[in-house]
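Asks: Quick note on our numbering: the sequence shown kicks off at 1 and runs consecutively.
Hints are supplied without guarantee of correctness; some may be wrong.
[To be verified] Think about it this way: if two alpha-carbon atoms lie no more than 16 Å apart in a straight line, the pair counts; the simulated EDC-like pairs of lysine to aspartate or glutamate are: (1) 30 x 360; (2) 30 x 47; (3) 304 x 254; (4) 169 x 198; (5) 30 x 398; (6) 30 x 402; (7) 169 x 212; (8) 30 x 358; (9) 208 x 165; (10) 208 x 236; (11) 208 x 166; (12) 335 x 365; (13) 30 x 365; (14) 304 x 260; (15) 169 x 213; (16) 208 x 249; (17) 335 x 300; (18) 258 x 293; (19) 304 x 365; (20) 335 x 382; (21) 118 x 390; (22) 356 x 205; (23) 304 x 342; (24) 304 x 249.
Don't read these hints as lab results, they were simulated from the structure.
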Amino acid sequence: MSVYALKGRVIDGVAGEAVEQGTVLVRDGKIESVGPREQISIPPEAEVIEVNDGTILPGFIDCHTHFTGGFGGNIYTTSHHELILQAAHGVGILLDAGFTGARDMSMFGPYLAKSIDKGFTRGPRIMPGGRLLSVTAGHGDMDTNFSVEHCQRQNPITLLVDGVDECLKGTRSQFRIGAKFIKISATGGVSSLADGLDDVQFSFEEVKAIVEEARRHGTYVAAHCTGTAGTIQALEAGVTSIEHGVFLDERCIELMVKNDATLVTTLSVSLGIPNMKNFLPPHVYEKGVQCAEANLRSIEMARKAGIRIALGTDFSNSKNSPYAENGKEFVSMVKAGLTPMEAIWAGTRNAAHLMKLESEIGTLEAGKLADIVIVEGNPLADISVLAHKDSVKVVLKDGVVEKNALA
Numbered sequence: 001m002s003v004y005a006l007k008g009r010v011i012d013g014v015a016g017e018a019v020e021q022g023t024v025l026v027r028d029g030k031i032e033s034v035g036p037r038e039q040i041s042i043p044p045e046a047e048v049i050e051v052n053d054g055t056i057l058p059g060f061i062d063c064h065t066h067f068t069g070g071f072g073g074n075i076y077t078t079s080h081h082e083l084i085l086q087a088a089h090g091v092g093i094l095l096d097a098g099f100t101g102a103r104d105m106s107m108f109g110p111y112l113a114k115s116i117d118k119g120f121t122r123g124p125r126i127m128p129g130g131r132l133l134s135v136t137a138g139h140g141d142m143d144t145n146f147s148v149e150h151c152q153r154q155n156p157i158t159l160l161v162d163g164v165d166e167c168l169k170g171t172r173s174q175f176r177i178g179a180k181f182i183k184i185s186a187t188g189g190v191s192s193l194a195d196g197l198d199d200v201q202f203s204f205e206e207v208k209a210i211v212e213e214a215r216r217h218g219t220y221v222a223a224h225c226t227g228t229a230g231t232i233q234a235l236e237a238g239v240t241s242i243e244h245g246v247f248l249d250e251r252c253i254e255l256m257v258k259n260d261a262t263l264v265t266t267l268s269v270s271l272g273i274p275n276m277k278n279f280l281p282p283h284v285y286e287k288g289v290q291c292a293e294a295n296l297r298s299i300e301m302a303r304k305a306g307i308r309i310a311l312g313t314d315f316s317n318s319k320n321s322p323y324a325e326n327g328k329e330f331v332s333m334v335k336a337g338l339t340p341m342e343a344i345w346a347g348t349r350n351a352a353h354l355m356k357l358e359s360e361i362g363t364l365e366a367g368k369l370a371d372i373v374i375v376e377g378n379p380l381a382d383i384s385v386l387a388h389k390d391s392v393k394v395v396l397k398d399g400v401v402e403k404n405a406l407a
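From just these sequences and the hints, can you work out the full model?
Replies: Given below as structure tokens:
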């Protein structure tokens, strides 16, 4: 039996303000009680954990990750064995940064999720999506220097599908390996070589077939969306989450409200593009700059419309997207106009909703799983305290202390 009394400023993910002198009592993996310090009785067997001027929050959740290794090399030429071992190391870093949950878009996610659930690997609880479904020459067809056959075998991020039959088979093949949702590329993107941002990359019939198949499996479709027309088509076909949502217009916003769709931000990647001019092909850099400017406007529109916003980074633990810094997305969302509390909600309760785990995680409430983070400082006064793993002093997942930098 493990009992912990966490003392400090409490942001529970429910209320609109913090409890300055609060306590969270954890017993046997679950939250037993939360509230002002004077209202919580601490049993004698409890281990007290307190960070000086610390803040206790729900564990963070990143709704857009790629567990594909990321330590250099080319995913088209590096063996899957090496990549998944790198990914297994990376998810431990993500946990130490306070991220106790993640949605992954790669073929390795289902296997990492199983390994973590069985206790073989340290990492966040994962909702795996398997490989992105993309049309040939679309956003997911990222390196046309290789044959289609080689890409189908080797690319851990993408499966190329064309026509309704292949879309159905591709969807089912992801469920076969353990996917819990499906991601598609509805439009062109920044990093792909053979398309433009505005390209519409599936027919309506193809997207609708994928959405209906996902619903038959009790889940939903997430859509990579930069261009406006492809975003509208994806929403009309019934997708549930819009990834990036760079060039949203009023019609996109109307459909998102109608569908109760979620916008997953990935701002940190967009805003980081201007710093990468020397590392990117010119046309990729130019597309990225366009996205950086538009992404801020889209998030502002979504916020004003009351659309649910969830934190996502698009990080893959590469040199430019290290898992130690996924928390930068909180800072980026505040730059886009969210309040610090709204940004925290995006990375906790809203993200838990998208993971279909809102009854279990995402807020600090009695009866929920004890996925909890303690950071040094007050994120409501300075959101940047969430930006790097060094500010994260304590991490609990399922009530187990995964990190204690105070010891």
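Asks: Against this structure, judge whether each hint is valid.
Replies: Evaluation of the provided hints:
For the hint linking residue 30 to residue 360, the alpha-carbon distance of about 9 Å falls within 16 Å, and the restraint holds. A C-alpha spacing of about 15 Å is found between residue 30 and residue 47, which places the hinted pair at or below 16 Å, so the restraint holds. Distance restraint check for residue 304 and residue 254: the Cα-Cα separation of roughly 12 Å lies within the 16 Å cut-off, and the hinted pair is therefore satisfied. In summary, the hint linking residue 169 to residue 198 is not supported, as the alpha carbons are separated by about 26 Å, beyond the 16 Å threshold.
Of the pairs offered as hints, the one joining residue 30 and residue 398 holds, with about 7 Å between alpha carbons and a cut-off of 16 Å not exceeded. Taking the CA atoms of residue 30 and residue 402, the gap is about 15 Å. The hint holds against a cut of 16 Å. Taken as a hint, the residue 169 and residue 212 pair is honoured in the structure, with Cα atoms around 13 Å apart against an allowance of 16 Å. A hinted pair counts as satisfied when its Cα atoms are at most 16 Å apart, and residue 30 with residue 358 qualifies at roughly 14 Å.
Proposed proximity of residue 208 and residue 165 is supported: the alpha carbons are some 12 Å apart, at most 16 Å. Restraint check: the Cα-Cα separation between residue 208 and residue 236 comes to about 9 Å, which is no more than 16 Å; the hinted pair holds. Of the pairs offered as hints, the one joining residue 208 and residue 166 holds, with about 13 Å between alpha carbons and a cut-off of 16 Å not exceeded. Of the supplied pair hints, the one linking residue 335 and residue 365 is violated, its CA atoms being roughly 29 Å apart against a limit of 16 Å.
The straight-line distance between the Cα atoms of residue 30 and residue 365 is roughly 9 Å, inside the 16 Å bound, and the hint therefore holds. Annotation: proposed proximity of residue 304 to residue 260 holds, straight-line Cα distance about 14 Å (limit 16 Å). Proximity of residue 169 to residue 213 is assessed by CA-CA distance (about 10 Å); at most 16 Å being required, the pair is judged to hold. Of the supplied pair hints, the one linking residue 208 and residue 249 is violated, its CA atoms being roughly 22 Å apart against a limit of 16 Å.
Restraint check for residue 335 and residue 300: the C-alpha separation of about 10 Å stays at or below 16 Å, so the hint holds. With a CA separation close to 26 Å, the supplied pair residue 258 and residue 293 exceeds the 16 Å bound. Of the pairs offered as hints, the one joining residue 304 and residue 365 is violated, with about 28 Å between alpha carbons and a cut-off of 16 Å exceeded. A hinted pair counts as satisfied when its Cα atoms are at most 16 Å apart, and residue 335 with residue 382 qualifies at roughly 12 Å.
For the hint pairing residue 118 with residue 390, the CA-to-CA distance comes to about 27 Å; that exceeds 16 Å, so the pair is violated. For the proposed pair residue 356 and residue 205, the alpha carbon gap of about 26 Å is over 16 Å, so the pair is violated. For the suggested pair residue 304 and residue 342, the alpha carbons sit about 12 Å apart, so the restraint of at most 16 Å is met. Pair hint residue 304 plus residue 249 holds up; C-alpha atoms about 13 Å apart against a cutoff of 16 Å.
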